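> Residues per chain, in single letters:
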Amino acid sequence: GAGVSQSPRYKVAKRGQDVALRCDPISGHVSLFWYQQALGQGPEFLTYFQNEAQLDKSGLPSDRFFAERPEGSVSTLKIQRTQQEDSAVYLCASSLRASGVGEQYFGPGTRLTVT
Amino acid sequence: GQQVMQIPQYQHVQEGEDFTTYCNSSTTLSNIQWYKQRPGGHPVFLIQLVKSGEVKKQKRLTFQFGEAKKNSSLHITATQTTDVGTYFCAGSDGGSQGNLIFGKGTKLSVKP
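Keeping their order, the protein sequence lines are chains A and B. Residues in the first sequence are numbered consecutively from 1, following this note's numbering. Residues in the second sequence are numbered consecutively from 116, following this note's numbering.
What the hints contain is simulated information worked out from the structure, not anything from laboratory work. As the structure is a prediction and not an experimental result, all values here were calculated from the model. Positions of the beta carbon are idealized from the N, C-alpha and C atoms, including for glycine. Don't take every hint at face value.
Stated by the list, open to error - Below, a sample of chain B positions facing chain A; criterion: calculated Cβ distance under 7 angstroms:
id : residue
1  : 123
2  : 125
3  : 137
4  : 139
5  : 157
6  : 158
7  : 160
8  : 200
9  : 207
10 : 226
To be verified - Label-pair ranges, simulated between beta-carbon atoms:
id : chain 1 : residue 1 : chain 2 : residue 2 : range
11 : A       : 115       : B       : 196       : 21 to 27 angstroms
12 : B       : 133       : A       : 39        : 36 to 42 angstroms
13 : A       : 39        : B       : 174       : 27 to 33 angstroms
14 : A       : 10        : B       : 166       : 37 to 43 angstroms
15 : A       : 53        : B       : 166       : 39 to 45 angstroms
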């Protein structure tokens with residue numbers, strides 16, 4: 001069956017531009033997570049949704065980062081006024097259970113390069 | 116805040132040798148998960164451990180969760196070139212909606 005998909009796969013943005021990254025989770029999955037993965041590092045938690053509710057956004061590095069999941073399925077991570085330090089792979093993961101505990105299925109990621 | 120440390124950062128082995136990566140948490144965990152990320156790929160779930168002292172096996176892979184639920188290990192017996200990748204542990208303290216805190220990973224290379 002279809003896994004988690006993300007688009008675009010690659011994005012190059014000039015410093016100061018806004019970007020929007022999309023995640024299509026596995027159908028029926030209640031939990032959705034966004035992670036940021038820098039080169040050679042492990043994924044770092046950004047934010048968590050249970051259906052359409054954003055229950056934890058403690059990992060968002062600044063108020064330039066905003067995420068939404070308005071209908072409880074597709075999610076968008078928006079970064080305003082991009083900076084070079086935002087360059088990373090942004091991973092989306094979904095999970096069947098509401099608690100957030102359990103296997104997470106990751107998408108292929110969006111590699112963001114800010115020049 | 117909660118931190119998860121993983122060692123070693125890199126491991127180079129000859130095909131057929133064993134490999135072990137260790138994970139330590141600064142806090143007691145409610146569960147720990149292990150993921151594998153192939154070069155250029157995304158993390159793929161391997162296993163979840165929940166109980167104190169739990170040991171689980173998947174073919175040549177053995178996973179352990181410490182008695183105090185603050186450490187874990189992954190052991191691969193007789194490595195193969197298909198084992199190449201980065202192995203991450205990820206722990207949850209049960210709070211924060213079960214969010215996972217990932218270690219930095221152990222990158223395994225296998226020489227044929």
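> Failing hints, ascending?
As far as the earlier hints go, 1, 2, 3, 4, 8, 10, 11, 12, 15 are violated by this structure, in ascending order.
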